[in-house]
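**Student:** So the sequences go chain by chain: A and B. Using our numbering, the letters of the first sequence correspond one by one to residues 1 to 713. Using our numbering, the letters of the second sequence correspond one by one to residues 1001 to 1095.
There's no promise every hint is true.
[Unchecked claim] A few chain A positions that, by computed beta-carbon distances, are all more than 12 Å from chain B:
#1 Lys173
#2 Ser342
#3 Glu353
#4 Val370
#5 Leu494
#6 Leu516
#7 Thr520
[Claimed, not checked] Per label pair, the in silico range of CB-to-CB distance:
#8 Gly1025(B) / Ile683(A): 25 to 35 Å
#9 Val501(A) / Arg1076(B): 41 to 51 Å
#10 Arg1076(B) / Gly148(A): 28 to 38 Å
#11 Glu266(A) / Gly1011(B): 39 to 49 Å
In case anyone wonders, no lab produced these hints; they're calculated from the structure. Cβ coordinates follow ideal geometry from the N, Cα and C atoms, glycine included.
Take a look at the letters that make up each chain.
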Amino acid sequence: MGLTGRSTGWNVIEDGLTVRKEHPEDRVIALAGNPNVGKSTVFNRLTGLHQHTGNWPGKTVTNAVGRCEYRGKGFLLVDVPGCYSLMAHSCEEEVARDFICFGGAEGVVVVCDGTCLERNCNLLLQTLEVTRSVVVCVNLMDEAKKKGLEVDTALLSRELGIPVVPAAARNGKGLDTLLAELDRLPCAGVPEPPVRYALWAEEVLKAVEEKLRPLSLRGLPGRWVAARLLDGEESLWPAMEGFLGFDLRESDEGKAGFAAGRERIEAQGKTLQDFRDEMAAGLVRRAKELAARAVGRNKGDPTLRDRRIDRWITGKWVGFPLMLLLLMGVFWLTVVGANYPSQLLSQGIFWVEEQGAALFRETGCPEWFVELLFHGVYRTVGWVVSVMLPPMAIFFPLFTLLEDLGYLPRVAFNLDRAFQKCSACGKQALTMCMGLGCNAAGVVGCRIIDSPRERLLAILTNNFVPCNGRFPTILTLIALFFLGGAATPFSSLLSAALLVVLLLVGVGATFGVSRLLSATLLKGVPSSFTLELPPYRMPRVGQVLVRSVLDRTLFVLGRAVTAAAPAGLLLWLMANLQVGEVSVLTWCCGVLDPAARLIGLDGAILVAFILGIPANEIVLPIILMIYTSGGMLTEPSGTETLFAILTQNGWTVTTALCTILFSLLHWPCATTLMTIRKETQSIKWTVAAFLIPTLVGVLVCFIVARVGSILGM
Amino acid sequence: MEAERCLSQLGEGQSGIVDRISAEGRIRRRLQDIGLIEGAEVVCVRVSPLGDPVAYAICGAVIALRREDARQVTLRREAGKTQGGRAAEGGRPWA
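Just chain B, same shape as in the assembly (with noise of 0.2 Å):
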């Protein structure tokens, strides 16, 4: 079986479909409040320069998260298109 595939995993302008999150208690819900709830599209846009936070794109608006969160977000398995700079179908335009 194929290995989880979680948020902190997605390079650069890799997308994602949220499938669940494993974190509790608050940081669940900061993460659900910014939009990452279940069949959310995620966007990679941005690593920072030290290799940590990460930038996503989330319902419109660009979120730094830790690779720490971003590990509990666990995505769908189907494999998330690679874009280069162009928008995913029906989905937000972030690349």
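Only chain A is shown next, with the shape it has when bound in the complex (with noise of 0.2 Å):
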């Protein structure tokens, strides 16, 4: 499970920095934990709220980076993907692996789930033995004490011989001990190793250790490559390899060490898959031992009050119901709430518009000049940003809160079944989850399913979950065709759950697709599965308000400018250059007309939606500018007038309801398709994604037309 705040933070999308130490002196610390264990807490107390995304050198993946200081002295912190173990089995868990093991850092600091504290020290175990220059941080230390349960922090750390500090990052607890603790790295003393094998296990590590020991291991402890050397993980060895400099498996030290491990294990009688069992199972033993010492109860039961919940949340009967009126809710707040801020900011926009353009006319500027600016550029991004900025701006903090809740991966282990029918992950539901936010951040979220094929299915039907970029076209076309344009409160209500049915139509591809898939392109059987359902926790509303609107505002803001500037530039020039008598956008939608019109739409419509890859905000205004026969987008207007056009211009029932279809089922947006070709690193896979959702879109369309002129609709 990925679904930290940094990763639906929604801000995944890299940029393809690397870890720049921007002073010399800084050292680089790596924040490793588990998933949900108020890691990105722990981060952005100490950083700050500037958070930035970055890669480290050699792979494409999101680490945030940030920096602080302590008695003058720079760190410069590396977010980690939360894992459970350093035997990666998602693509997620070997991007952190792989830092941990051979990032670098100078410092690692693995961060606890005081409540959970069995579970967590596996991975620090792990890491123990990777590195000794390790800082834990016992996190939710106030929760656990709610639930009745004491840490003893002073024995972890004398068992372990490292520093141990008690934190509760939500309140900025133990934040500055932390600080203390990690300047004071690398800690003195003979390292004691942190689990202890059975002890045949320990001869067996000491004999291949031994044949190791001529190597130069750049600083990694023999003990731990040679348990590597036995393990048969596949996936460390490009990794290490790219770290040590030479294969280890085909040195002579390793091949011998290899075959002495082996002649080891045989010699006490047992096998090389009993030997990777005593790996995996004496750190569980280690983990139970030591959470049984440092951990004491003096309420009753502190999980009693989840599993309360959970009866309702996962319930059979009540599950499903409360899922979906829950998104109700979500859909309805965010319509309610957007409206008045959206027409605002709109006002706000266009008169800045209407005076910078007065502005550069008196300076001389040339007109054409002045239109393509402020007309073409100006205005696109002006309706980007005050059509999508409120409705991501409230549900995005909505979402994040009912992820903070813990409540998604319940909707995970309520759906999973379906999904595996279908033969794909119950993950995906979460990734779908992050795609009604934005696609893009679904498609990268999709690494948190482990199998690779499972991945593949869930990345190509992301973009059948609509975004919220979708969500202006969807809901204003709904308001005015299927309610009637009247804004009462009652009809917001309405429009959020015909926004629902829309999601489940959605779904339903989802599952469709993905089980056609896996039949035919991508064959194969469901994988193995494993999903924590973490505890619930109460979200603290303020900071997540604070932290997702800002999130929000920068990356619509960004978007504006990446990818609606531009278009608003292309668009603007195919409305004023002329192909004869014509401008070359109403040649373009003439040329489209009678394709389009099988499919229920008109040239217009189909030319918003090609010219709305770079931004799916836009193919509403565009339709509109076309209709309008302006040489620019039009001001968002009142319901009637939008009707007005929209009728005048053959809209009927039925070519509503054909583009609210399209606009669910059809490419994906230009980032979204970048997102795609990054993450799967095929062309091939790219196009699957592109062709996909746009042959059901078509489909459905078509059917749709078909049936709606035969009822005269």
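Hints are included, so try docking the two chains, each in its own frame, into the full complex.
**Tutor:** If you want it as structure tokens, here you go:
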């Protein structure tokens, strides 16, 4: 599971940065931990809100990097994706493992959940086997206390021989001590192996380690390398080779080590499998022992409350209706809340446009330039901002709250059976949730899925979930054609309900296509599946609001500049350059019109969808612009005007329905496509991701259009 | 001889002790990583509304597994205690 605040902080679209030390004195510190332990809170608390995403050399991943200072010394914190084990099972875990083992960090902070120490100790112990330069941060001490758990951090520290800091990062408690301990790294003392395996296995390790001694392992502990040599963990080796500069398994020492280990194992009447089992079991045993000694319980069952809540949330009869209700509630609040700020923003933005254009004209700029700059580029950007920002600024915090509460994994838990039937992974439900916000984020989120086949399924179908960028178009059309345009509280509730229905169509398409792909292009059976259901946790509402509104604003603004501005330029040129008698835009509409009519649209709508590739948000404005034959986007205007423009251009209920459906089922936006290309490393699958939803959309719209014309709607 | 009991046969509220894992390769290590090693206690805490997957309390965390995977975890023969919301002696307090 990777739904940490970071990966769904929706700022995961990487920009190709590397961990750059602005100050050469800075020490790089990796921040590791299981998912959902408040790692990102620690990160944000330490670095302020100045988080930016970045890569580290070698692999395109997003490790957030931030800087903090303590007593004049700088630390560069790298927020590594959450993982349960260094034996990576998913792409995301691989990223984490590679950074912890080979990233060259000068220290590692392992953040643990104080309410669930035993589980967290596994990663901690594995990390300690790789490096002794570790500070443990036992987070959520306040939660633990509430649950009647007492964590003896001093005992842990003595047992492990490293600093252990109790913290409640949400309240900023313990973080100063954490920094002080980081400052003192690396700590002195002869390292005692954190885990003692069974005697026979220890002997094996010693024998292998002995053979590896002549090699330079660049600081990696021989014991750890010896264990991995016998481990048979394939995905580790490319990274290991990159780090060491040679392939250990092919080196003479490596071969000798493996042979010696094998011989030792067999001499003791064991098999290689027994040894591998012991490597896993030793960790679990030690974790259990540590937790048993360090955690005291002074109240009854600390999990009783969670189980009670689960009885409802994952209840047989309540679970699904509750899910739909929650979704509808989120949509409704978004629709209702976004209305007014949207109007205000657009007024402000268009006022600036007028003033700016006037100012430029006065300074003697050529008229075409002013037109292009203000009515082309600026207006498109303004549209995107005013239409997108308010719904996103409401939708995201609400969603983040649900996420922080621990609700989303339950959705996956409830729905997994259905995904299993399509030979897909239940965690796809999580990536679909992310897709609701932004498909590109959803595609990146697919890294949490272990099996490459299932991950690809999730990536290819993510676009069937309508992202925030498509909500405004869909909602406007729903309001105009299916609710009579009246803006009453009841009608907004109804449009939220219709949006949920539409979403279910998208989910249906996801299942259908996943199933089809599993039977054809991506043949395979469902692979193993483990999903943690974390404890429910009261989110810090204020913090979530500030963070996600801030995140969203930056995201929308960034996107408006990078995607909408060029689109606006192109649009303006197309609308103002002539082919014979008509503009390029009108000409294109004419060419596409016959094809578009077949699927219930018209040329203008299809052109708008094509021009909307950089940003889905501008589809409706482009349609209106073409209809009003203006050389620029129209201002967002009242519902009656909108309705009049559309109906005058031949829109019927069928047209509206087809447009809505096509909006749900068509190609992904440019950002998503680029992300898919990056994530799959394959042009072929990127093309597939473009074609699959488009074909489904054409098919569905064709059928709807035929039925509509028969019914005479 | 009594048939082997596996994890997937546990009903809500029932517990068992892991005997061995029959899965191989990565799944095996995955199951071990979440704490399913020989002698570990497991409690079945919640069956999902569609019957699959099932959530188990393992090592102080709640982890959902599909029946397909849970079938590959064999439990010790001795019958697990059926618990009415109480913790097993010395075990983790899940119910």
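**Student:** Does each hint hold? Answer for all of them.
**Tutor:** Taking the hints in turn, this is what the structure says about them:
no. : hint                               : verdict
1   : Lys173                             : holds, 23 Å
2   : Ser342                             : holds, 38 Å
3   : Glu353                             : holds, 52 Å
4   : Val370                             : holds, 60 Å
5   : Leu494                             : holds, 27 Å
6   : Leu516                             : holds, 21 Å
7   : Thr520                             : holds, 22 Å
8   : Gly1025(B) / Ile683(A): 25 to 35 Å : holds, 31 Å
9   : Val501(A) / Arg1076(B): 41 to 51 Å : holds, 50 Å
10  : Arg1076(B) / Gly148(A): 28 to 38 Å : holds, 30 Å
11  : Glu266(A) / Gly1011(B): 39 to 49 Å : holds, 42 Å
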